[in-house]
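Chemist: Sequence:
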Amino acid sequence: MKVVVVDDEKWSRDEMCFVLSNLEGVEIVGEASSAHEAAILVLKTNPDAIFLDIDMPGISGLEFAEQLKGMPKEPFIIFVTAHADLAPKAFRLEALDYIVKPFSEETVEESIFRLQKRLKGSSDFSKPVQGKLAVQGEDKTYFLDPNTVDYIKREDRYTLVISKGETYTSTLTLKELEDKLCQYPFLRVHKSFLVNTTFVRSLTAWGNSVYELTLSTSEDVIPVSRTYVKNLKNAIEL
Numbered sequence: 001m002k003v004v005v006v007d008d009e010k011w012s013r014d015e016m017c018f019v020l021s022n023l024e025g026v027e028i029v030g031e032a033s034s035a036h037e038a039a040i041l042v043l044k045t046n047p048d049a050i051f052l053d054i055d056m057p058g059i060s061g062l063e064f065a066e067q068l069k070g071m072p073k074e075p076f077i078i079f080v081t082a083h084a085d086l087a088p089k090a091f092r093l094e095a096l097d098y099i100v101k102p103f104s105e106e107t108v109e110e111s112i113f114r115l116q117k118r119l120k121g122s123s124d125f126s127k128p129v130q131g132k133l134a135v136q137g138e139d140k141t142y143f144l145d146p147n148t149v150d151y152i153k154r155e156d157r158y159t160l161v162i163s164k165g166e167t168y169t170s171t172l173t174l175k176e177l178e179d180k181l182c183q184y185p186f187l188r189v190h191k192s193f194l195v196n197t198t199f200v201r202s203l204t205a206w207g208n209s210v211y212e213l214t215l216s217t218s219e220d221v222i223p224v225s226r227t228y229v230k231n232l233k234n235a236i237e238l
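If you read the sequence shown in the UniProt record's numbering, its first letter stands for residue 1, the second for the next number, and so on.
Mixed in with the good hints, there may be bad ones.
[What the hints assert, rightly or not] Below, a list of computed lysine-lysine pairs in the DSS-like style, where the Cα atoms sit at most 27 Å apart:
1) K120 with K73
2) K164 with K153
3) K73 with K175
4) K117 with K73
[Claimed, not checked] Across the chosen pairs, the derived CB separations fall in these ranges:
5) K101 with R201: 46 to 56 Å
6) W206 with A84: 34 to 44 Å
7) E155 with N22: 35 to 45 Å
8) N46 with A82: 41 to 51 Å
9) S21 with E212: 21 to 31 Å
10) I236 with S21: 40 to 50 Å
11) R201 with S104: 50 to 60 Å
12) K140 with N234: 37 to 47 Å
13) E110 with K164: 24 to 34 Å
14) A235 with E109: 13 to 23 Å
15) E219 with G25: 14 to 24 Å
16) T148 with H83: 37 to 47 Å
17) Q136 with K10: 22 to 32 Å
18) I236 with E105: 22 to 32 Å
Hints were generated in silico from the structure; no laboratory data involved.
For each residue, glycine too, the CB sits at the ideal point set by N, CA and C.
With the hints as constraints, model all of the structure from the sequences given.
Modeler: Okay, structure coming up:
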């Protein structure tokens with residue numbers, strides 16, 4: 001698996017790279033000392049994961065992780081920081097893991113093990129079992145045809161799947177569902193929303209950085225971040 005290490009402190013990058021270099025199956029494809037350097041590196045190397053410091057000058061690690069949401073293949077994020085109190089913000093960005101400095105080799109190894117499981121899961125997701133999506137209703141599990149799903153959203157700690165006017169829950173994160181549904185016409189339009197582009201009816205500019213999207217199958221209004229507008233327009237051939 002390919003990883004990138006991003007930290008403005010060289011000694012911290014060196015320490016993380018040393019630990020990672022001793023783990024089987026891990027290839028360090030680059031290092032960066034800022035979000036700007038990291039952005040260039042990520043585009044060049046297409047890593048599976050980024051070990052990302054939070055407290056960096058200029059663009060912080062949290063802000064950079066937010067920017068990565070617009071990528072077609074979003075890398076997993078493992079935050080590495082001395083600030084334990086920022087964990088809630090990190091996990092709202094669907095971080096894979098959160099390592100607090102000073103860290104041990106065992107802690108990094110646990111993160112890599114978690115990454116391996118997720119990468120394997122993403123690979124398995126590309127082959128949906130009988131094309132069905134397992135979701136939870138009030139008292140039972142339902143298996144939905146993905147083509148009938150209007151949109152999916154992240155709300156608080158829950159992933160909600162909306163299909164034919166009904167709302168279900170999923171145990172998967174939005175990113176995991178994005179991977180699972182890669183063979184279907186779903187597109188990320190916001191950090192908290194995936195939409196079925198088959199049902200897109202209209203797209204309206206609302207302010208400087210947000211658009212509003214409506215679907216032919218629902219009266220709900222879905223926010224679209226500016227970073228996703230181009231991908232959306234390309235997907236629906238506007």
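Chemist: Using the C-beta atoms of E219 and G25, is the stated range 14 to 24 Å upheld?
Modeler: Violated: the Cβ-Cβ distance is about 48 Å, outside 14 to 24 Å.
Chemist: Could you see if the CB distance from I236 to E105 stays within 22 to 32 Å?
Modeler: The hinted range 22 to 32 Å is violated for I236 and E105, with Cβ atoms some 48 Å apart.
Chemist: Between N46 and A82, is the Cβ distance one that fits in 41 to 51 Å?
Modeler: At 29 Å between Cβs, range violated.
Chemist: Under the criterion that the straight-line Cα-Cα distance not exceed 27 Å, is the pair K117, K73 satisfied?
Modeler: The hint holds at about 17 Å.
Chemist: Measuring from beta carbon to beta carbon, are S21 and E212 in 21 to 31 Å?
Modeler: The hint (21 to 31 Å, Cβ to Cβ) is violated, given that S21 and E212 are roughly 47 Å apart.
Chemist: Take a quick look at whether K73 and K175 sit within 27 Å of each other, Cα to Cα.
Modeler: Since the Cα atoms of K73 and K175 sit roughly 10 Å apart, the hinted pair holds (cutoff 27 Å).
Chemist: Quick check on a hinted range of 34 to 44 Å for W206 and A84, using CB atoms only.
Modeler: holds, 37 Å
Chemist: Regarding the pair K120 and K73, is the alpha-carbon distance no greater than 27 Å?
Modeler: holds, 15 Å
Chemist: Taking 37 to 47 Å as the stated bounds, is the beta-carbon spacing between T148 and H83 within them?
Modeler: holds, 43 Å
Chemist: Range first: 50 to 60 Å. Now tell me if the beta carbons of R201 and S104 are that far apart.
Modeler: Given a distance of about 52 Å, which is inside 50 to 60 Å, the answer is holds.
Chemist: Measuring from beta carbon to beta carbon, are K101 and R201 in 46 to 56 Å?
Modeler: holds, 48 Å
Chemist: Measuring from beta carbon to beta carbon, are I236 and S21 in 40 to 50 Å?
Modeler: holds, 44 Å
Of the numbered hints listed earlier, those contradicted by the structure are 8, 9, 13, 14, 15, 17 and 18.
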